[in-house]
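2 protein chains.
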Amino acid sequence: MLDKIIEGIYRGDHRSISRAISIVENEGDSENTRNLIRQIYQRTGNAHIVGITGPPGIGKSTMIGNICALLSERGKKVSVVAIDASSPFTGGSLLGNRIRMQESLTKYGVYMRSLANRGINGGLSRSIWDTVKILDAAGSDFIIVETVGAGQADLDVINLADTVIVVLGPGLGDEIQAIKAGIMEIGHVFVINKMDRQGAYIAMKDIEETLAMMPRGEWKPPVVGINSLTREGYDTLIESICKHRSFCETNREARLRKFRTELQMHIDDELRRKFQKDINGVLKDEGRLEEYLLRRIDPYSAAEEIVEEIA
Amino acid sequence: MLDKIIEGIYRGDHRSISRAISIVENEGDSENTRNLIRQIYQRTGNAHIVGITGPPGIGKSTMIGNICALLSERGKKVSVVAIDASSPFTGGSLLGNRIRMQESLTKYGVYMRSLANRGINGGLSRSIWDTVKILDAAGSDFIIVETVGAGQADLDVINLADTVIVVLGPGLGDEIQAIKAGIMEIGHVFVINKMDRQGAYIAMKDIEETLAMMPRGEWKPPVVGINSLTREGYDTLIESICKHRSFCETNREARLRKFRTELQMHIDDELRRKFQKDINGVLKDEGRLEEYLLRRIDPYSAAEEIVEEIA
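Chain order of the listed sequences is A and B. Just so you know, we're using numbering that gives the first Met the number 0 here: the first sequence kicks off at 0 and counts up by one. Just so you know, we're using numbering that gives the first Met the number 0 here: the second sequence kicks off at 0 and counts up by one.
Keep in mind that the hints were calculated from the coordinates and are not lab data. Errors might be hidden in some of the hints.
You can't tell identical chains apart in this list, so a pair holds if it fits in one copy or across any two.
Pairs of lysine-lysine residues, derived as DSS-like cross-links and limited to a Cα-Cα distance of at most 27 Å, are as follows [claimed, not checked]: (1) K273 - K283; (2) K242 - K3; (3) K76 - K273; (4) K257 - K3; (5) K219 - K242; (6) K3 - K76; (7) K219 - K273; (8) K257 - K273; (9) K3 - K219; (10) K257 - K283; (11) K257 - K276; (12) K75 - K3; (13) K75 - K283; (14) K75 - K204; (15) K106 - K204.
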């Protein structure tokens, strides 16, 4: 079965891609997942990963629809992964935007997939990395990963993406100062959406000035103003993405950093996997837990003891 | 210095508590953190942890203010921990509510602290557990932990809390179906806020009917309607919390489950800690990473090899 799915992935068949992603999303790091990634791994490494992050309601979905259209028109194969906010409380409203985005993507044959955070510790991270590999092996030139600013998922996208686009807009008012503190370091391209609205130029200038004051690396992040209705500014945006892609291709250090992050995640998982059977044994030992219930030993000391025993 | 802080914690001195929480929040699982928790651990185990979760804008902060007032008036010592949404994009607006809540708590001498997700993998979880221990050792009868529905933080609160309160309201409309799927299993008490609004009774009935169809455990979650302006329903709510507290005190299984969760977290951290030096060595080995860059070995196989070597 796996062989057929893999063959389908190489053909770019959407159904096979979906089945493969369901494996890595639902089965965790099972033998199936491992075999799948092992087999397709050599066919990966060609896609450029673009992470897009920004506050809810800023127009990320529409923007992604437009970027996909423009890249597709230039003959590029694009895929989209949307990371769900992972909250049972905000899932509903997001879904609507996603469905509208999906409709506009169908026209260009763009594959789009939502990944839900099932709340399994660490599980989301791994499934994002694996999903991107599947889309990479399926021949994507660009893989766009959208996040809605939800903790760990956000951090994953930053680690995984070659190019991080931070989308802001006018009307964020005083909040922009608080926001800026968290995002100035992560963006390779800054986008101000809704350039027709009041305050857009001020927001743009604000970001530019902050960037000018920051220590300069080799890459100087551009600030691009766009209007998603008129598609104003989109050519500059696409150009910025492509420029950063070229920059990345010569940046061995950035690629090494990305590999290190991924490898660390897998090593952590593998360590847990190796010792989980022993750990489960300890956790089932009620006599031992009793010591804990009676506060005779604190959790840090208990963990030190246990690891000393099993590892 | 630590001795003085600990002495202050036992006196319930807010400044010492703040300094202790800053240690566990900023220093990670350093020797300082470990020593602190080790020393105060025997003084913990008396507080009842109440987790409160629900969609943004549902009125959680006002509700927590009222609960604190009512419990304080009954002579109970209450502390509050608010977990930040961890998104740089939504931090600003939440802060306002938190500040308003804090003002109303000052009157009753309730200690309140916000914990920010700094984006360190796993770091937030540990600092939540440790913070609760500090507040427990400070003599809290109740520790209220508020989360805004943000992935891992949410899950932590569910694991850590003895009583989980899910707050909903009227006007969630169609979304309530999507929400219900994620939360019916986690709540010990369901609250419908804004009972003066249209649709509140429908929402209440909807939750009650869903609960009636679920497999029944020993505890049957009550559904409590409240109005935060008139304080209508709050006596019933406080009573439900106290009833569930009594229920928990006889529920050894739930306490064991909680210990297991915490211990697993610490063991995972400890495993990583034990092997991190070796892992760092591998991650610095550029020759080895080169194999990876050239796609000669996939990340799963590489991690297996590395763990085989070092562990």
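Status of the hints after comparison with the structure:
1. K273 - K283: both (17 Å within a copy, 23 Å between copies)
2. K242 - K3: neither (37 Å within a copy, 56 Å between copies)
3. K76 - K273: neither (39 Å within a copy, 44 Å between copies)
4. K257 - K3: neither (30 Å within a copy, 44 Å between copies)
5. K219 - K242: within (11 Å within a copy, 60 Å between copies)
6. K3 - K76: Within. Shortest intra-copy distance 22 Å satisfies the 27 Å Cα cut-off; inter-copy 63 Å does not.
7. K219 - K273: Answer is neither: 43 Å inside a copy and 39 Å across each miss the 27 Å cutoff.
8. K257 - K273: Answer is both: 24 Å inside a copy and 23 Å across each meet the 27 Å cutoff.
9. K3 - K219: Answer is neither; intra-copy 45 Å and inter-copy 48 Å both fail.
10. K257 - K283: Between. Shortest inter-copy distance 13 Å satisfies the 27 Å Cα cut-off; intra-copy 38 Å does not.
11. K257 - K276: Between copies only: 19 Å across chains, 30 Å inside a chain, cut-off 27 Å.
12. K75 - K3: Only inside one copy: K75 and K3 sit 25 Å apart there, 64 Å across copies, limit 27 Å.
13. K75 - K283: The answer is neither: 54 Å in one copy and 35 Å across copies each exceed 27 Å.
14. K75 - K204: neither (32 Å within a copy, 52 Å between copies)
15. K106 - K204: Answer is neither: 36 Å inside a copy and 43 Å across each miss the 27 Å cutoff.
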